[in-house]
Amino acid sequence: MLVFPALAFQAFFAVTHFGHGLRPEYGGTLALIVLAVAGGRRWRALVQHPVFWLVLAFTVYAVLQAAQVAQMTPGVPWDKHLSKNAELVRVGVLACVIGVCLAEQPQRIPHLLGLMVAGFLCAALVYAPWSDLGAVAAGALRLRFHYAENIVGEYAAIGLLLLSMYAMSQAVRGRVVVLAGLVVAGLLLLACLLYAQSRAAWLAAAVLIPATAIAHARDASGHWRRPVVIVIGITAIVVAVALGAGYGLVSHRLAGGQAIVEALANGDPATLPQTSATVRVQLALLGLHLWNEHPLLGIGLHDINPTIAASGIHIGDYVPPHLHNAYLQAAVGLGSVGAALLLATFGLLIRGLWLARRVGAAGSALYWSLLGSLGIVLVVNFSDCLLWRFDYVRAPLELLLGACLALSLRRRGTSVAAGSSTAADAGTDTRGSPPVAN
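Here the sequence shown is numbered in my numbering, starting from 1 and rising by one per residue.
Simulated from the structure, these hints should not be mistaken for lab results.
One or more of the hints may lead you astray.
Stated by the list, open to error - Okay, the calculated beta carbon distance ranges per label pair:
| # | residue 1 | residue 2 | range |
| --- | --- | --- | --- |
| 1 | 64 | 118 | 40 to 50 Å |
| 2 | 134 | 73 | 30 to 40 Å |
| 3 | 203 | 340 | 18 to 28 Å |
| 4 | 351 | 316 | 28 to 38 Å |
| 5 | 293 | 22 | 39 to 49 Å |
| 6 | 133 | 340 | 18 to 28 Å |
| 7 | 118 | 310 | 40 to 50 Å |
Glycine residues also receive a C-beta, built at the ideal position from the N, C-alpha and C atoms.
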């Protein structure tokens, strides 16, 4: 009885940073406690899935690797290294918990995704700098909702993708209130995306939102339908108008790229202009050097921050706390072994989602919503590290990966739900038009 309210709590607060008793992972932790007390068939279902064993293998590796790097740096105790590794372990554990809970009722997944978008919109309304909107519109102030601007851009892009999937898969004709709500929510999300000024989020949204919309349109019907074409057309017009209104802001954020390319082509990093893009290039070079020195087991996630500080890389008063690339951060901190375990786990979850779609255990809109949202996360994290450092970046990832695992469990027939594991009782439509915002 408490499992879904716990997951709903995590979903609504997943992309917020209200703090106090509203930390999103409290929901996943409560679900874990409920499952631990209940025991039985849910755990048997999870143990039969290979993702469980990969998460267990990574957990063991995280403990041993923390002990190993503690010997390399005697000034830093083992528990400090372990606490950094535990952040990634938490993602794997809670994703497994969410997955095994949702395997019984996969039709709940769209509701959780909707709650996640609603939570972000609430955070935007609460934390928006209403007294400084002029500076935001002029590009002098980037949007922050008690967390970094790049996170705002990433979540706004995910929200737009999920909103577009909902609009394309639901009949909104004649439902004036619903249509008006979608328009208002879409404009607010678009404004958050634009004025967060995250170049990686812009790229992710520009590539993945149209791609997933087109893929779903083709997947759902096999041919172009007039409502789908209209939705895509209106979306394209709105985005074009937004970019036109913010042309100066966009061009300013994208300026300086040519100078960076020329400096790298000439093999002279010292001539790089002092911009945030330059810092990312310098961090990438440092990260590759560190990985080359300790390729197998890494230097420990805890030691990356002081290493960057000692390197002198900075822009103004800002000293980067990480390598601004989640994949390089994992490879440098955890070594090739740890990074390979993470990659294998993620790849297995995506494969499970794909297989679930093939057998009809996941509708088209849900499939492309999950795949597109994860795609946005992957693109943004090429230039940032927003996968595990805080609960408000872990929580949405745990939900998305947990949903993939739930559909994979459903496909494998290991769900503990009563009845057969058909597409019908999974709450999906094999033709790609599942009910309840799927």
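Evaluated hints:
no.	hint	result
1	64 to 118: 40 to 50 Å	holds (41 Å)
2	134 to 73: 30 to 40 Å	violated (48 Å)
3	203 to 340: 18 to 28 Å	holds (27 Å)
4	351 to 316: 28 to 38 Å	violated (44 Å)
5	293 to 22: 39 to 49 Å	holds (42 Å)
6	133 to 340: 18 to 28 Å	violated (47 Å)
7	118 to 310: 40 to 50 Å	holds (44 Å)
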